[in-house]
Amino acid sequence: MSEKNNLSGTEKIKVASQGLRGTLKESLKDAHTGAIREDDQALVKFHGMYMQDDRDRREERSRKKLEPLFSFMIRLRLPGGFITSDQWIGLHHVAGKYSTGTIKITTRQTIQLHGILKSHTKPTISAFNTMHLDSIAACGDVNRNVTCASHPKESPLHEEIYQFAREISAYHLPKTRGYYEVWMDAEKLVETTEEDPLYQDRYLPRKFKIGIAIPPNNDVDVFINDLGLIAIIEDGVLKGYNFAAGGGLGSTHGNANTYARLGSMLGYLPKEQAMKAIYEVITVQRDFGNRSDRKQSRLKYTIDKMGVDAYRAEVEKRCGFSFEPARPYAFTSRKDAYGWSQNHEGKWYYTLFVENGRVVDENNYPLKTGLLKIAETGKANFRFTCNQNLILSDIADADKAVIQQLLEEHQIIKSTDSASPMRRNSMACVALNTCALAMAEAQRYLPTLISKIEPLLQKHQLADEDIIVRMTGCPNGCGRSPNAEIGFVGTSLGKYNLHIGGDRLGERLNTKYKDSLDETAILETLDGLFDVYVKERNAGETFGDFSQRKWIGDSH
Amino acid sequence: MLSDAKLRAIKSLTPTLSRDELLWASGYFAGLAQGIAGGQETAVAAPAAVKKISLVYGTETGNAKKLATQLAGIAKKKGITVKLTGLDQYRFTDLPKEEYFFVVISTQGEGEPPLLAKKFYDHIHENQLNLGKLKFGVLALGDSSYPEFCKTGEDVDARLEALGAHRVLPLKKCDVEYEEDALHWLDNVAAALQSTTSAPAAPAAAAPKSVGKKYYMGKVITNINLNDRGSNKQTFHIEITTDEPIDYLPGDALGIVPSNKQSMINKIIGITGIDPEKEIQTEKVTAPVRDLLSQHLNICYLLKSTVKKFAELTNQQIPDTRMSLYDLLRIYPVKDAAQFEEVIKILTAQSPRLYSISSAPNAHGENEIHITVSKNQFTVEDEERYGVCSEFLSDLDEGHEIEFYIQKAKHFKLPEETSDIIMIGPGTGVAPFRSFLAERDATGASGRNWLFFGEQHFVTDFLYQTEIQNYLETGVLNNLDLAFSRDTDQKIYVQHRVKEKGAELLEWLNSGAHLYICGAKDPMCKDVEDTFVALLKEKGTSEEEARNYLVQLEEEGRYSKDVY
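Those protein sequences? They're chains L and H, same order as listed.
For the first sequence, position 395 matches number 395 in the UniProt record's numbering, and the numbering has no gaps at all.
For the second sequence, position 319 matches number 319 in the UniProt record's numbering, and the numbering has no gaps at all.
This is chain L alone, in the form it adopts within the complex:
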């Protein structure tokens, strides 16, 4: 807490914000600009929004003496990534009316809409509210969307764990009613700002992410979270959770004090004690996290500064109970199981591939229309995965044929089945043209790049390998490139650092292998790597493990 006298600008804004209200109401009334005031740009994140501008249009509009084309991204809070068919229908229409039309499934199991003009933010939030959806705390320095293993087939205990994810989300919501006042003109009930024992008036030093994995699948990428929970199931009963704290993949080019990090094991707790411990893991970060330098403020830096043992001890002191040693578990996969499957109750599930999470009708593939038709039957729920895919779920045996027919009619089955393993396991962040941090393309480019890598895979007879490739337009890691087997991190337009050596299950980070490669150099390099891999690999050795052994070495 030595930084107390040197608080970052954002800290001052939070404290002065009167429960995240700031001058948002006034900002929305500023008719001369599509932007909101500077301080409010920090606050609006806590309401689930980012102010962005179309970077493709900056220069042209500037010549026309027009300000940048400002708009807002709105991200929903969907703990465990679940919505009903009615909610999907509503979302479909809101997206069409107020946003670019694309419904984007994020890497953290929720939905975001882009391109919403300032004048459309209130109608959008109001429309969400009537569907019982909100965007509170979907961004900002708070506990964000809680992710949870997405596939109900994994375990009969899925429902219990999913409900726990919802409880965690609700329990750690900010207490302010500012969201309702700003976006839905709710009356201010009390003159003073609401008391908030968890967040106080300063909130957390930085974003805070929680994810819950159900072994043997690590589809949530549990170790990248500030706090990852691993469900411990013994004899078909949920006993408790292993706690892993201090994950986070973001870093900054040229700043050696920043780095990607996987969570460290704090230990095991029975499920009855889990909520209390989660709360106190957060309060320790609240009280010990760096509040002067936002590039040092994630829990991962706090835990490295304090030491894992000291962090654990502080949590235990606040809880009044101690962690037990972590219990054994094993991950065998972190990909989505595409196609039809059935759970313990006999309900059917169809997992479909959504390239980079973009639900849109384009290139003669009517995905968005197909999903609307399916939602309109009212026979399927919608679940999102942390791999940006979609599960049509809870389909009764009698309804399966109807859904199957709609899936076929709209080429969804064909698209899912025909995508190569590399494409199906790929992930990219949004990047250009809306993300202010992007230095290079990601979701607009990765599909093209994969089309050029696929012939190389075929050439080396690797086409059936589930190699995990991910791309981010900057080193902040939203597309989780730092724990891919092949990670691309944008450095400038058309140039990417190539990282290799991450494992298939998300338990080891990759390492930078080459700097700032253009497309030609990427393809040449991969061609060479695949060649050596095929010749020298051990039986069953994944590309990630081989790369680590061959090119990266244990020193890293």
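Check before you lean on any hint, since a few could be wrong.
What the simulated footprint calls covered on chain L by chain H, stretch by stretch (three residues with Cβ under 8 Å from a Cβ of chain H suffice, anywhere in the stretch; the number is not a length) [what the hints assert, rightly or not]:
#: 1; region: 28–40
#: 2; region: 61–70
Chain H stretches covered by chain L per the calculated footprint, using a threshold of three residues with CB under 8 Å from any CB of chain L [stated by the list, open to error]:
#: 3; region: 128–141
#: 4; region: 214–228
#: 5; region: 519–528
Treat the hints as calculated values from the structure; they're not laboratory data.
None of the values given here were measured: they were computed from a predicted structure.
Idealized CB from N, CA, C, for every residue including glycine.
Given the structure of chain L, go ahead and fit chain H onto it with the hints provided.
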């Protein structure tokens, strides 16, 4: 100016003073001078200090812009007139003419200039400019956690010097927490200006007396469509430079005789078979047919009377209508080329079009003039047509030569600098108000300024948005009310905003504000006037009294219209 005795008294004192004391004394005398009742004709002898600087910024995240705007505000309070421009808007041809040039610029990623400043950066690096007149200082913004900290600022600073410019302040590099350093830098700027002895080069050029209609030869240097993609409108911002100074004031109009399209003339020549080189004498000019048709005669939208004469001349039955010469010839052909020669003689002369000038002499210099032209689109028999002059102007390429004259405004002029003004100018009606605001900004007029602007869509049609935003931020524009008619279910126009702000508007008018309306006569101007009348009636006056109030304002010279 001083008597010898007074001058001697001052001179006897000065050698004993240090530089700081001299600076203090100059401030002291200026303060005394301000204390003397203002408005006296005797101008205070300009202290040997620079009052006018150009401050430019190159920004990516907006920090440099924010800072530059803030610095400009502070500088103005210090009595320095600041021309604030983003490097994306900065015209390179102005650079060699600048005297005091200060730069606030950030550095991106791996030492690159901000995207919006890249053209400027490349321009100074790729060209051998002569900047011998330029005196400059650079404030570089950066983030010391990057290896190439403030590199763009360093580059610009070094390059300006290499091009012969004189550095009056050492390069200042600022880190993420820049506020304090920046304020300190501004103090240094102010000090550097004080310490310079060169008087501002502003000889009071005697305005050339205009005799009859004076034509200027100008060159188009900028022609941009201000409306964004997806707009229903096309509004062109055209900048023209001249070699000789242009004698004009804010509120004046620019007159121009458009040329007809060559493609249209070729079609007429083709359909009539006339020899385009044949000289013909018309009422006003004698010239070859091609020139007559292109430069001198109205062929686009003939008067009913002309159509009637054509019917008599060619002995055809033609309804009472207006149409283009080509359409007329197509439907009602002439007998032969000889008959068409007679037709040419009945055509009326091409009349000049007037455009409100959107630049201001004190802001943009006397060798430059701007107009704001809406491409006038209409439909004839399901075919899209454009107004002849707006099409001519919007098609002008940069570098094209153009002849124009100035139409002096009789009443539509800025009032004295202390008066408040209310400007209502939707669409291209904003043109003269851009001029007013630029002039008042440049001259530091103290009167308050209130602008009403409207168009169809906020995103695509907010003409001069970034300039208007800058005027708001620097306080030149006190009030701004906007009406975008097609962004909401109910159409909102400027008169609705006038109604909303009724009480405050009447307050301004009662305390002496001047009211201006520019734009469409019908319905806009009429609706706005009706709204004022309704506002006055709410206060208990009769309809007649309310109308009289407006007439009276007009007679007092406090209400002017430029409507069309």
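Right, here's what the structure says about each hint:
1. 28–40: Coverage by chain H holds for the region 28–40 of chain L (5 residues, Cβ < 8 Å).
2. 61–70: Coverage by chain H holds for the region 61–70 of chain L (8 residues, Cβ < 8 Å).
3. 128–141: violated (count 0)
4. 214–228: holds (count 5)
5. 519–528: With 0 residues closer than 8 Å to chain L, the region 519–528 of chain H misses the three-residue bar; violated.
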